[in-house]
Structures are given as C-alpha cells and as structure tokens.
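There are 2 protein chains.
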Amino acid sequence: MRNIMKNKQPVRVGIVGFGTVGSGTARILLENAGLLEQRLGFPIVLKKIADLDIKRDRGFKVPAGVLTTNAADVTDNPDIDIAVELIGGLKMAKSIMLRAIQNGKSVVTANKALLAEQGTEIFEAASKKGVSIGFEASVGGGIPIIKALGEGLVANRINAVYGIVNGTSNYILTKMTDEGRPFQEVLAEAQKLGYAEADPTLDVGGGDSAHKLTILASIAFGIPLSYPKIHVEGITGITPLDIAYASELGYKIKLLAIAKSEDGVVELRVHPTMLPKEALISRVDGVMNAIYVNAKETGDTLYYGRGAGDVPTGSAVVSDIAGIARGLVCGASPSPGLIQPAGRQKARIRDMGDVRSLYYFRFTALDRPGVLSRISGVLGENNISIASVIQKGRSKVEAVPLVILTHMAREKDVRKALKKIDSLRSVASGSLLIRVEGNE
Amino acid sequence: MRNIMKNKQPVRVGIVGFGTVGSGTARILLENAGLLEQRLGFPIVLKKIADLDIKRDRGFKVPAGVLTTNAADVTDNPDIDIAVELIGGLKMAKSIMLRAIQNGKSVVTANKALLAEQGTEIFEAASKKGVSIGFEASVGGGIPIIKALGEGLVANRINAVYGIVNGTSNYILTKMTDEGRPFQEVLAEAQKLGYAEADPTLDVGGGDSAHKLTILASIAFGIPLSYPKIHVEGITGITPLDIAYASELGYKIKLLAIAKSEDGVVELRVHPTMLPKEALISRVDGVMNAIYVNAKETGDTLYYGRGAGDVPTGSAVVSDIAGIARGLVCGASPSPGLIQPAGRQKARIRDMGDVRSLYYFRFTALDRPGVLSRISGVLGENNISIASVIQKGRSKVEAVPLVILTHMAREKDVRKALKKIDSLRSVASGSLLIRVEGNE
Chain A
-15 MRNIMKNKQP VRVGIVGFGT VGSGTARILL ENAGLLEQRL GFPIVLKKIA
35 DLDIKRDRGF KVPAGVLTTN AADVTDNPDI DIAVELIGGL KMAKSIMLRA
85 IQNGKSVVTA NKALLAEQGT EIFEAASKKG VSIGFEASVG GGIPIIKALG
135 EGLVANRINA VYGIVNGTSN YILTKMTDEG RPFQEVLAEA QKLGYAEADP
185 TLDVGGGDSA HKLTILASIA FGIPLSYPKI HVEGITGITP LDIAYASELG
235 YKIKLLAIAK SEDGVVELRV HPTMLPKEAL ISRVDGVMNA IYVNAKETGD
285 TLYYGRGAGD VPTGSAVVSD IAGIARGLVC GASPSPGLIQ PAGRQKARIR
335 DMGDVRSLYY FRFTALDRPG VLSRISGVLG ENNISIASVI QKGRSKVEAV
385 PLVILTHMAR EKDVRKALKK IDSLRSVASG SLLIRVEGNE
Chain B
-15 MRNIMKNKQP VRVGIVGFGT VGSGTARILL ENAGLLEQRL GFPIVLKKIA
35 DLDIKRDRGF KVPAGVLTTN AADVTDNPDI DIAVELIGGL KMAKSIMLRA
85 IQNGKSVVTA NKALLAEQGT EIFEAASKKG VSIGFEASVG GGIPIIKALG
135 EGLVANRINA VYGIVNGTSN YILTKMTDEG RPFQEVLAEA QKLGYAEADP
185 TLDVGGGDSA HKLTILASIA FGIPLSYPKI HVEGITGITP LDIAYASELG
235 YKIKLLAIAK SEDGVVELRV HPTMLPKEAL ISRVDGVMNA IYVNAKETGD
285 TLYYGRGAGD VPTGSAVVSD IAGIARGLVC GASPSPGLIQ PAGRQKARIR
335 DMGDVRSLYY FRFTALDRPG VLSRISGVLG ENNISIASVI QKGRSKVEAV
385 PLVILTHMAR EKDVRKALKK IDSLRSVASG SLLIRVEGNE
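As they're listed, the protein sequences go chains A and B. FYI, in my numbering the residues of the first sequence are -15 to 424. FYI, in my numbering the residues of the second sequence are -15 to 424.
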C-alpha cells in the first residue's frame, strides 16, 4: 500500500457510468473537493470518468483529460485507487467490478440489483483480493442507513428492519391517497414527470424494494444475500377503494420491505401494508424513504430522507469513497466488511405460508342474508378470527364490497380460506388481501 | 501500536463509572461479546470497571477481577487500549480523560456537558497524543447521529441541524399537550417516575439541549465548540393555554435545538418552538429524540430514536469502542476526527437580536375598543407585520388573551415592540413569545 499520507499524495478515484448518479457523484467530488480535503485531512482526486456518451452536457465542468469512453481507463489504471461502478445493470457492471477488484482496487457501487442477485461472487472476490466494497448508495439514496446498521448499531441484536425503500411506489401511493386517483393514471403522470421509468416493473412490482431488503437483511442478521427467497408483491393491485377503506379504518397503505428475525428464523417480504395513520412512517410521503430498525438494545430507530436522485445518491457514493480512502491513507487493511460471504451463518428463512400477520380482506359479495355468515364461517374454519367488518352501500342487484379486518392469522390459512370464499356462488372472484402492521 | 490482529489479541477496554450508562455499556460488552467478535473479526474484552460503588447489583454478572474502586486501574493500566469515561460531571471526568489520553489511550465518553464546555482542551490533548475521542453517545442516545453527520454526510455542505435532543422536556411537553395539564404538575409526575431528575434545571431549562447542539454544530459547520454563544430558553414558561392556541393554529410546541448556517454565519439557539402539526418532527413524542439535518446535496434527512437510557446509550458507546478498535487492529493512526481544535474555521455566530423568525405572541389585554389597534400599531412601527389574530372570550372587567402570529420578523424588533406593548396601560405585563418554524 502506498503511504499516501506521508507523500501527501491524494486518493485517486475513477468512475464508470456518467448517468444520473455518476453525474451527482462527479459533481460532488469536483465542487466539494476543498470541503472534503478539509474534513478528511487529505485530498480526493477524480482522475477518470468513463461513459459511452461523454459529449452530453451534465451541467458542470469536467477538467480536461478526465472523460474517457474506455472503462479500462478506470479498471486497469494503475493511477486509480478506488473504482466507482455506476452504470447499473448486471452483466457489464459485474465484469467491470470484478476487473477492478482483480486489479487490487476497492470498489464503490450503487448497484442494488447486482449486489442482491450476484453479490456473493463480488464480495468473495473482494475478500480474496483484500479490497473493500462500498455500497451505502445501494439502499436509501442519501440516507446513511448502511453505515447506521453496520457500524452505528454494531453492538445491537437486530429484531427487524423495515421501511419504505422505493420512492417511485411511495410517490404513486401518496398521490393515489391524497387525490383519490387510480394507479394507472398516477403512474402515467409519474412517468411523464420522470418519477417513474418507461418500464416501471422493478419499482411498482416490488423487485427494487426486494433488492434493497436483501442487502439490509444480510447486514442486520449476518445471513447470506437471500434475494430469491423474498416474497414480493407490488402496488399494481391497490385501488382508491382500498385506500379509502384503509383510511376509514385508521390506516395508510405503504409499500413496505420487511425483514424480521425471531429465534434465528428470518422473514423476508415486500408487499403493500396497512399502517396505523399515527405511526411516524405513515407520514413518509412522496418520493421520501424511511427505514426502521428495531433492536434489542436500542429499541426503534428511524432513518428518513431522499431515497434517490443524482446528488443525494452521489453523497452516499462519496461517503463510501471517503471511508475507504481513510483506510488507504492510514495503511489499514480493509475492515471485515458488512457483507462477507465467509463465516456468515446460514439463513433459515420462514416460508411465506408460515408468516403470521393481521389482514384486511375486501370481498365483493351479493348483499343477501347469510352471505356474511358463510364468509365468516369459512374464515372460522381456517382459524381466522374477525376483528371488524365494514359493509357499505346496499344493492338488491349488484355485488357490494365487504371489508373484514382479522386478528393475527397464518398466511397459509388465509390463502386457503380466500380460495374457498372466492368459490362461493354469492362472492365474486378476485378477493383482495392487504397485510396490516400494528398492535392487536 | 501492537499488531493485535497478527497476535490474535483482543482489544481491551476499561470503563470508569458504573452508573446507568456504564451498566448498559458493560452489559452489552459482556452479553454481546460473541456477536461483536463475529461482526468485527476480533474480540473486545472488558478488563476493568471502576466505580466507588462496586457492591450494588446491576442485574447482570461481572467476571471476577473486573470491578475496582480505583479509576487508575483503567487510566494507568498498560493492559487497557480504550478508556471509557461514564462518570459524568466536569472536573473529575476531565482529569480521568486527560490522564487516559496522556497514557496513550483512546477515550470514549457520553459526557456532553464536559465536551461542550471544555472539549477543546480534551480534543487538543488527544490530537497531540495521537489518540481518538469517541462521543457518539453524547447526542441522541442510541441514534447514530454523530456518525451520520460526520461520516455518512461527509460529502455534504450542511445548511441546518435541528431537533429534539432532550427526552425529559419532550416527555413533559407531550404529556402537557395530550392531557392539558400544567408544567409543574407534569414535572412532579415525571420526577416520581424517574423521567426527570430531582434538579431538572439542565433538562427543562434547555442547558442539556445546548450542550448537544454545541457538539452537533461543531461537526456540521467545522466551527469551534461554541456553547457560551448559544441562546437558551427552556420550557418552564409554556402553559396549557399556549399549547391549546398552538393546536388551534395547526401547531405543536417542541423544545428545539437549532443550528443554521447562512453565508458562513451560524445561528445557535435552543427554545420552545411551534412546528406545523403535519411535520414529521411534530410526531416525535414522549422521551423520543429526532434530529433533522438539511444539506445542500442530500436535502433533509431525519434520525429518530431513544435519546437516553442505559442500554440504548451503551449501544452508542460500544459502537465508538468498535470503531476505534477497528483502527487499532489494522494499525491505523486515528482519523482526523470530527471535532478538531486545529484547522477549524473561526465561528461567526449571529447575534440573537439579528435572528429572523416567525413569532407567536400572547398578550393579556383589556377587551376594549382600540386595544388591538394600539398593539398592532406598535408592531407595525417595529417592522412586524401580522399574519393572524385570535381573540376569544369577552369580558368587560377582566383582561383576556390576545394571540397574534407574525410574518418573518427580527428578534431585536420583536423585543423592542414587546417591551413597549407591555408598558401599555390596557395590556398586562409579561407578554409571551414563542418562535414558529414553518413556511411563510
């Protein structure tokens, strides 16, 4: 390791990917160079930015010689200490990261999809080579949640990590809630405004939240990256009607990513969730993110902020660069790291069927004597007890919504009951369930 | 520096002070030793706990030979790497910290009063000796706000740090708000329940919040510890009447510690503040703390959790121990540190008279024609314009409350106007002001 401090040499950074987050990162490194040097005690210098498009104006000046179209000018450059991967996607990003690692560089990334789906290989390579992987920007944008969970709460036994980690979904649900408008209409508007991608599947389908949950759970519980084991539901089935009923019952609907650990068994799930209106997290609206950590020692802590955006996410990237640079400067070998393939305990993941929760059901049923009795009969047979019922609007001819809130029930029983109820002649098919978090 | 890693030797810790936080810290180090070793890759061993009272049962078992009544068994012990000061108070705590530093030990403390009032001397001594000072536990209990501000947001230019940092005051205000009861009554109850000290001055008078603000502002703005320059008001003058008016106007009253920086000039103030009910921070109730950071790059982030308590605060102490231990293990010299006496820019603190704010005034005035006109006349003469007025309850004989909300006004002008209004024959003396945060 160069003794950078003694030689007053700067720590040298190269970025691959000059898109949204790449621009935010470069901008901070260039514009806040003086501030960073003052705070760290040594300079950080941006040596290279590689992107196929180096012509487009990003709104700030890049020094001559920094831009390149060749990623190898970063990954293979002996004059670069830290490689920053910000191109996104899986295959190319992975080969760039592995290449940089092979060349002895520490790597910083915002790529939650890659880390969640193929991170084990990357962390193994880094561990073998003795370099660090920084990924603060992969969850919660500018919120320093990775550092909080892995370092600030290092002394804690974590019971649960849960929160709103996808800004696009939260923006859409907030608009639907505030304006009573349907999903498709709000999504189209969000796409026009640039808050949702042309293909919004990863955001509104819950996949992005699951990627982030994979990373959070691995740090919190010391388990391997368990993306394929997460139960994932998105927000596409949420209707203004359910939002209105939720409100009447004292709840808001949010897309939550939830990881809970109990007696060594971990629950991992992403789904729309009804939360008590008075809960702090119910006030987290628009594109904002918020992550709760519940720990045996510290109880609840909450981390709130902008979960996306060029400069907020760039702030997280630069905090990783600064952290790794500090280690390089003082000649430290990289810390064991937060996610390590070796020595991690095997995960025991609870089957979704065995998860217990409170439930909201919305049935569409004929308004005839005996229907409620039949439905509640099926629920009872399946060990599901009813906490409250709402039935509004009467019609002799049309089916009307029937809403039921349950006490704690088991997912497996719920699915069985709903299947049976959907087959009743007086009930329309497609009964809807939303899980409810809150105290019984 | 010992190469601890190579020799598989543990990092060795000694605690001085076996009170509330000392017990929480020791408990975590003992009970979570395995978890910490797994996460850090090396063991942390609690070698000594020094306290005058080593007889009292703290509810967990301490290994033989660890307890001592002699602080020098920690500060002068060559077998201890990190000394933890948790006795509180100023003089004795300072001499223990300086002694440990002189002996080449890094120091971890929760002592906000000492750091805020005499920290410069301690940080200078540590800097000279090349050791670290950890003080995560000094602000926000178990919330990792120091790490978030100093490391997670290291790339950010901070505009403002503000929040609820005193649990006792927040508990009292919450009870007053929820139950409409007066300050003295709720305080007495809080004292009975152990939520307030026998002498509550430091908590309800705002001094404790000012200590914490001193530390936050020094990190956020790179200014020296500026405790004596903080404008401090406590909650002792808040009445159920003002809380009721605030509620009617859409606000809640919280004791806020506020640090803002604008064009290099810093505002530092602690006072009761009216906050819009719908703001996230207005939902922070009971003993909970929450700190907002507003930064140019990341916008708003919020950090929420338990601001006090044995184990939550112990969790912060142990996270500092772990951080410093990581550095020792890898042979790193201590990082430049978050608060450094050398190289810090001089603080330019705004005089309180020049602070601009929105204001709530409550006058007690005779209900006669012309009184409002006289009061608003005085306000107008002093460049204070009125946003709204509430006058309730009519009486021919008694003075009645008259509430006025202002647009943005200057503190200096406000004080002048209130002095003049208090001298009017139709107004009782002792007019009350509460500053209001929110958008105009």
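There could be a bad hint or two in this list.
Which copy is meant is left open, because identical chains are indistinguishable; a pair holds if it fits in one copy or across any two.
[Claimed, not checked] Okay, derived cross-link-like pairs now, SDA-like style, lysine to any residue, Cα gap no bigger than 25 Å in a straight line:
#1 K159 - A263
#2 K112 - G293
#3 K213 - P184
#4 K380 - G25
#5 K78 - T52
#6 K244 - D406
#7 K280 - G43
#8 K244 - E365
#9 K261 - G337
#10 K396 - G18
#11 K330 - E246
#12 K45 - G18
#13 K280 - M76
#14 K31 - R340
#15 K113 - G25
#16 K261 - S231
#17 K112 - C314
#18 K330 - D406
#19 K45 - D247
#20 K213 - E169
These are computed hints drawn from the structure, not numbers from a lab.
Hint check:
1. K159 - A263: both (19 Å within a copy, 18 Å between copies)
2. K112 - G293: neither (33 Å within a copy, 41 Å between copies)
3. K213 - P184: Classified as within; 22 Å inside a copy, 52 Å across copies.
4. K380 - G25: For K380 and G25, neither the intra-copy (77 Å) nor the inter-copy (70 Å) Cα distance is at most 25 Å.
5. K78 - T52: Result: close within a single copy only, 19 Å intra versus 55 Å inter.
6. K244 - D406: Classified as neither: same-chain Cα gap 31 Å, cross-chain 58 Å, threshold 25 Å.
7. K280 - G43: Classified as between; 16 Å across copies, 47 Å inside a copy.
8. K244 - E365: Answer is neither; intra-copy 28 Å and inter-copy 61 Å both fail.
9. K261 - G337: neither (27 Å within a copy, 40 Å between copies)
10. K396 - G18: neither (58 Å within a copy, 36 Å between copies)
11. K330 - E246: within (15 Å within a copy, 51 Å between copies)
12. K45 - G18: within (16 Å within a copy, 50 Å between copies)
13. K280 - M76: neither (41 Å within a copy, 33 Å between copies)
14. K31 - R340: neither (52 Å within a copy, 44 Å between copies)
15. K113 - G25: The answer is between: 17 Å across copies meets 25 Å, while 27 Å in one copy does not.
16. K261 - S231: Both: 8 Å inside a chain and 19 Å across chains, each within 25 Å.
17. K112 - C314: both (21 Å within a copy, 17 Å between copies)
18. K330 - D406: neither (39 Å within a copy, 71 Å between copies)
19. K45 - D247: Answer is between: at 24 Å across copies they meet the 25 Å cutoff, but 54 Å inside does not.
20. K213 - E169: neither (32 Å within a copy, 54 Å between copies)
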